[in-house]
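> When you get a sec, could you build the whole thing from the sequences and use the hints?
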Amino acid sequence: MIEEMDRDDRVFLMGEEVGHYQGAYKVSEGMLEKFGPKRVIDTPIAEAGFAGVGIGAAIVGLRPIIEFMTWNFSAVAFDQILNNAAKMRQMSGGQLECPIVFRGPNASARQVGSQHSHAMEHIYAHVPGLKVVAPAFPADAKGLLKAAVRDDNPVLVMESETLYGFKGDVPEGEHVVALGKAQIVRAGKDITIAAYARTTHVALEAAATLERAGVSAEVVDLRSLRPLDDNTLVASVERTHRLVVVHEGWPYGGVGAEIADRVQRLAFDALDGPILRVTTLDVPMPYSAKLELACMPQPDRVVATVLRALGREQS
Amino acid sequence: MSAEKRAPLTRAPAHPSVQAPARATQAPSPLGANPELEHLSKLYRQMLLIRRVEEESARGYAEGKIGGFLHLYIGQEAVGVGAIASLRPDDYVITTYRDHGIALAKGMSPRALLAELFGKVTGCSRGLGGSMHMFDKEHHMLGGYGIVGGHIPIAAGVAFASKYRGDGRVTLCFFGEGAVSIGGFHEGLGLAALWKLPIVFICENNEYAMGTPISRSMSVEDVSLKALGYGMDRDRFFADDVLEVERRIGEAVQRAREQGTPTLVEVRTYRFRGHSMSDPAKYRTQAELEEHKNRDPLARARRRLVESGLGEPGDPRLDDLEKSVEAEVADAVKFAHESPEPGLDVLEQSTYSGPFAY
Numbered sequence: 001m002i003e004e005m006d007r008d009d010r011v012f013l014m015g016e017e018v019g020h021y022q023g024a025y026k027v028s029e030g031m032l033e034k035f036g037p038k039r040v041i042d043t044p045i046a047e048a049g050f051a052g053v054g055i056g057a058a059i060v061g062l063r064p065i066i067e068f069m070t071w072n073f074s075a076v077a078f079d080q081i082l083n084n085a086a087k088m089r090q091m092s093g094g095q096l097e098c099p100i101v102f103r104g105p106n107a108s109a110r111q112v113g114s115q116h117s118h119a120m121e122h123i124y125a126h127v128p129g130l131k132v133v134a135p136a137f138p139a140d141a142k143g144l145l146k147a148a149v150r151d152d153n154p155v156l157v158m159e160s161e162t163l164y165g166f167k168g169d170v171p172e173g174e175h176v177v178a179l180g181k182a183q184i185v186r187a188g189k190d191i192t193i194a195a196y197a198r199t200t201h202v203a204l205e206a207a208a209t210l211e212r213a214g215v216s217a218e219v220v221d222l223r224s225l226r227p228l229d230d231n232t233l234v235a236s237v238e239r240t241h242r243l244v245v246v247h248e249g250w251p252y253g254g255v256g257a258e259i260a261d262r263v264q265r266l267a268f269d270a271l272d273g274p275i276l277r278v279t280t281l282d283v284p285m286p287y288s289a290k291l292e293l294a295c296m297p298q299p300d301r302v303v304a305t306v307l308r309a310l311g312r313e314q315s
Numbered sequence: 316m317s318a319e320k321r322a323p324l325t326r327a328p329a330h331p332s333v334q335a336p337a338r339a340t341q342a343p344s345p346l347g348a349n350p351e352l353e354h355l356s357k358l359y360r361q362m363l364l365i366r367r368v369e370e371e372s373a374r375g376y377a378e379g380k381i382g383g384f385l386h387l388y389i390g391q392e393a394v395g396v397g398a399i400a401s402l403r404p405d406d407y408v409i410t411t412y413r414d415h416g417i418a419l420a421k422g423m424s425p426r427a428l429l430a431e432l433f434g435k436v437t438g439c440s441r442g443l444g445g446s447m448h449m450f451d452k453e454h455h456m457l458g459g460y461g462i463v464g465g466h467i468p469i470a471a472g473v474a475f476a477s478k479y480r481g482d483g484r485v486t487l488c489f490f491g492e493g494a495v496s497i498g499g500f501h502e503g504l505g506l507a508a509l510w511k512l513p514i515v516f517i518c519e520n521n522e523y524a525m526g527t528p529i530s531r532s533m534s535v536e537d538v539s540l541k542a543l544g545y546g547m548d549r550d551r552f553f554a555d556d557v558l559e560v561e562r563r564i565g566e567a568v569q570r571a572r573e574q575g576t577p578t579l580v581e582v583r584t585y586r587f588r589g590h591s592m593s594d595p596a597k598y599r600t601q602a603e604l605e606e607h608k609n610r611d612p613l614a615r616a617r618r619r620l621v622e623s624g625l626g627e628p629g630d631p632r633l634d635d636l637e638k639s640v641e642a643e644v645a646d647a648v649k650f651a652h653e654s655p656e657p658g659l660d661v662l663e664q665s666t667y668s669g670p671f672a673y
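Heads up: the protein sequence lines correspond to chains A and B, in order. Letter by letter, the first sequence follows residues 1 to 315 of the working numbering. Letter by letter, the second sequence follows residues 316 to 673 of the working numbering.
Each statement offered as a hint is correct.
So these bits of chain B aren't anywhere near chain A, every CB distance computed over 12 Å:
1) S496
2) D537
3) P655
Reference listing, derived: stretches of chain B covered by chain A, where coverage requires no fewer than 3 residues with Cβ under 8 Å from a Cβ of chain A:
4) 439-445
5) 457-464
6) 469-479
7) 659-669
If you're looking for bench data, these hints aren't it; they were derived computationally from the structure. The beta-carbon is built from N, C-alpha and C at its ideal position, and this holds for glycine as well.
Put into structure tokens, the structure is as follows:
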């Protein structure tokens, strides 16, 4: 964010606690001091209000970054994102652009209960007019955010709350990751596991376990959910002939369902078995640590699902 | 902060007719010789144009050429015309779904507007928006919005951008009194007041939120009171006289431009038609409607022009003006009727800037 704000004075950051508090998760640490209150703007608790302010500023040429303290709270700004950000270009007949980034932590956050654990990407990826990305690694978090800020459309960046402490190499300076490009983070030949954000790490852990069981799993980190990189997915499935999709959030109509539809259409002949999903269980997230872990996609559930997809049920 | 300023609801006094200055008494004279008269005739022309375009819209709807929702501005013309007359051309305007009159007042051509209503590719929004989404970037008309109150934070954002850039522009945000109960109104006003944004919020109080009178939708009758909780300036008046609307909104615009502070203005008006074309407006009496029609700001402006000497026998000026409006409207209807419909190719390219994100 700092590099993009240095690069373009139309970019500003707005949200709850982004300034004086340095960010609820310290994401914007030091930014108020560097850019001042004109460009790092604390807001009252009014998501619909400041999401709308961002959209208004965007349609007249600024490039706002609007932070939700968590994506859960975007629910009260849903009208702004659904009806205004996503529709602005269409309902103005292409006259107005809405170059805005909405970002913040998303999905499970360890025992915060049903209202604070939503995986909101499924809801937003449904909406034409929006782009949705979900990085799994620090380098991609930087590169995708830069691409999002430079994009002329509304881009929603879903940062996994539980990955804020994850460490990894981040290229210095100009590092832009194009939206809509998946990456293979582990090569394999027996099955493809598609995942994104936190579940990419779950998939990698499962793949390591599977390797010990003699299964070679390829892990595709989607990075971008809309646009979705069909090509990388299909190419992988054409090599492995099987697919398991892993994501947080509920199964009904989610990103996994969309991927299952596309891959069965685009690579039907390559498939040797049904596409299976590992998702958050189809219930509101419970508080109990034991129940929460049971609800969330875990490596053991991924391993079991992969073995089922391969017709090798665990004994 | 003069938050207590102008609490009482005032009706403009019977306005003295626009007097021609001594040097211009020899009628007929070019209107340019009398700036005030010329100004009023310009506003009258805009109001008449809106009235006539709206009547043609109603006709087009009845004939099945216009689909969906159609919310007419008939009766409220003085609000949009008077308010926008107080702006600079580069100031921003944003409003609700009752947006035809506001768009025309901001400079949109009747051709672009009627073609949009007819669903044609030559419409302002290429036939993708329809009645509720009148956008004209060139004239800084930032749209009509269909979700009540949703555009109010956007308006605050437009004003935020003006402050951010220091461009000296003012934003006018129109909405009905029905929007005052929804969160977007309160969040938009709260942020505009907190951040001292150059914006004027104009509540066009036409007394009915669809079919619900204000007495059954708000705990207070005075919408402008809502400004007090935000420490915002306010004003409140009837829109009988377009020049009074211009003057009063102009005060708020000046405050926004010079002091960078917002104002909530409640303008009491009345729509002569139902909420939309499907509304027979049975919730109000004929007597009430007639009483308001007797105060029609359009007729009032015309009377004043006549009293000022326009339209005297042998003076063709008013007649010429009205004929020019008829010609412009007839041309726009013809244009809309003859324009082509959009092709399917418009769909994907209007959804995203750049390649479609699938």
